[in-house]
Amino acid sequence: MNKDIFKWIIIGLAGFVIIVLIFSAGMLIGEMKARFSYRWAESYHKNFAGPKTGFFGDWRKLPLPPGDFISGHGAFGEIIEVKENEFVIKGRENVEKVIITSENTTITKGRATIKNGLKVGDRVVIIGSPNEEGQIEAKLI
Amino acid sequence: MKISLIYFDGEKKKSPGGMHQKASFFRISNMRQVEPPAGLYGRIILAIKREQELQHTRRLVFGFAGLLVVSFLAVSFSWTMLINQMENSGILYFISAAISDFGTFFALWQNFSSAILESLPITGLIAFTISIGMVFFTLRFFLYKKNYY
Numbered sequence: 007m008n009k010d011i012f013k014w015i016i017i018g019l020a021g022f023v024i025i026v027l028i029f030s031a032g033m034l035i036g037e038m039k040a041r042f043s044y045r046w047a048e049s050y051h052k053n054f055a056g057p058k059t060g061f062f063g064d065w066r067k068l069p070l071p072p073g074d075f076i077s078g079h080g081a082f083g084e085i086i087e088v089k090e091n092e093f094v095i096k097g098r099e100n101v102e103k104v105i106i107t108s109e110n111t112t113i114t115k116g117r118a119t120i121k122n123g124l125k126v127g128d129r130v131v132i133i134g135s136p137n138e139e140g141q142i143e144a145k146l147i
Numbered sequence: 040m041k042i043s044l045i046y047f048d049g050e051k052k053k054s055p056g057g058m059h060q061k062a063s064f065f066r067i068s069n070m071r072q073v074e075p076p077a078g079l080y081g082r083i084i085l086a087i088k089r090e091q092e093l094q095h096t097r098r099l100v101f102g103f104a105g106l107l108v109v110s111f112l113a114v115s116f117s118w119t120m121l122i123n124q125m126e127n128s129g130i131l132y133f134i135s136a137a138i139s140d141f142g143t144f145f146a147l148w149q150n151f152s153s154a155i156l157e158s159l160p161i162t163g164l165i166a167f168t169i170s171i172g173m174v175f176f177t178l179r180f181f182l183y184k185k186n187y188y
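Residue numbers (the working numbering), protein chains in the order written: chain D, 7 to 147; chain B, 40 to 188.
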C-alpha cells in the first residue's frame, strides 16, 4: 500500500517536472520568436527602405505577418536580392528576411561546399542566429 | 420460487335451455394445478438475460462504430492540418539539413535545435496527438466492454 502511494507520488512529480520543462521550453521559444519579430518590425524601415504597408499606409501598424511570430534561427525561401555580404529572401507568407553572411558562413549545395554561388531566384535554407537589427547571421546556407 | 400453472379444461356444454354454446367455457371447478417443467424458471431468466445482453451489445457496437468514425475523421483532419503546417513551417528543410551532414549539425546544434523548435507545428501536433489518443481510447474502451459483457 505504502509502495503504491510512493510510486504514484514519484510518477506525479515526474509528470509535473516534464510539464514544467515543456512549458518553459515553450516560453523560451516564444520569447525568442517574439523578440526577433519585434526587432524585425522595428528595423523594417532600415532593412527594406520604407514601411511594408507603403508610404500611404498605416505606418504605425507593425508589419508582422498574420498568425505567428517570425522564426529567427532558421529561414527558408527564395533569394530576391543579393548584396555584398548579405542577401534578402522571401519566405512563407511573403515575409522578407535579411541574411548576413560572413567568412564563417558555410554555403553548401548538395554535399559540396561552395563560395559566392548565391544568385537571385535560388531557393535556400538558412541556419543561423538573429541579431539586434532583426537580421539573421547565417552560419549554414 | 415455485411456479404453478393453472390449466382450464374447456369443453362444449349444453345450456339449461338446451342450446349448444359455440365457445368453450372455462370451468372453475375443473381447474387443476400442474407443476411446471423442471428448470423453466431458470430458462426464462436466462432468456431475459440473453435479451438484455443482446441489447447491451447492440448499443455498444453502435456507440463504438459512431465513436470510431468520429475519431477516424478527426485523425484524417488533424493529419492534413499537421502536414500543411509542417510544409509551411519549413521544419522538414531544417531536419533534412541536420540529417544530411551530422558534422555540421553537431557543430551548430544550438542553432539547429532553436530553428527546429521555433518551427514546430504545435497546433497540428496537439490536434493529431489528441485524435490518435481518441482512436486508441475508443478501441480500448470497446475491447474492455466486450470482455466485460
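One or more hints might be untrue.
Here are the in silico distance ranges between beta carbons for each label pair [unchecked claim]:
(1) D:Ala-40 to B:Gly-142: 26 to 34 angstroms
(2) B:Ser-135 to D:Val-88: 51 to 59 angstroms
(3) B:Ile-165 to D:Ser-49: 48 to 56 angstroms
Pairs of lysine-lysine residues, derived as DSBU-like cross-links and limited to a Cα-Cα distance of at most 35 angstroms, are as follows [claimed, not checked]:
(4) D:Lys-52 to D:Lys-121
(5) D:Lys-52 to D:Lys-9
(6) B:Lys-184 to D:Lys-9
(7) D:Lys-13 to D:Lys-52
(8) D:Lys-96 to D:Lys-115
(9) D:Lys-13 to B:Lys-88
Worth flagging that the hints you see were computed from the coordinates, not collected in a lab. We put the beta carbon where it would ideally sit given N, CA and C, even for glycine.
Taking the hints in turn, this is what the structure says about them:
Roughly 32 angstroms separates the CB atoms of Ala-40 of chain D and Gly-142 of chain B, a value that falls within the hinted 26 to 34 angstroms. At roughly 24 angstroms, the beta-carbon separation of Ser-135 of chain B and Val-88 of chain D lies outside the given 51 to 59 angstroms, and the hint is violated. The beta-carbon spacing between Ile-165 of chain B and Ser-49 of chain D, approximately 33 angstroms, falls outside the hinted interval of 48 to 56 angstroms. With a C-alpha separation of about 28 angstroms, the suggested pair Lys-52 of chain D and Lys-121 of chain D falls inside the 35 angstroms cut-off, and the hint holds.
With a C-alpha separation of about 65 angstroms, the suggested pair Lys-52 of chain D and Lys-9 of chain D falls outside the 35 angstroms cut-off, and the hint is violated. Between Lys-184 of chain B and Lys-9 of chain D, the direct Cα distance comes to roughly 30 angstroms. Compliance with the 35 angstroms bound is thereby established for this hinted pair. The hinted pair formed by Lys-13 of chain D and Lys-52 of chain D fails the criterion: a straight-line CA distance of about 59 angstroms is larger than 35 angstroms. For a cut-off of 35 angstroms, the pair hint linking Lys-96 of chain D to Lys-115 of chain D stands: about 19 angstroms separates their Cα positions.
Between the alpha carbons of Lys-13 of chain D and Lys-88 of chain B the distance comes to roughly 42 angstroms, so the proposed pair goes past 35 angstroms and is violated.
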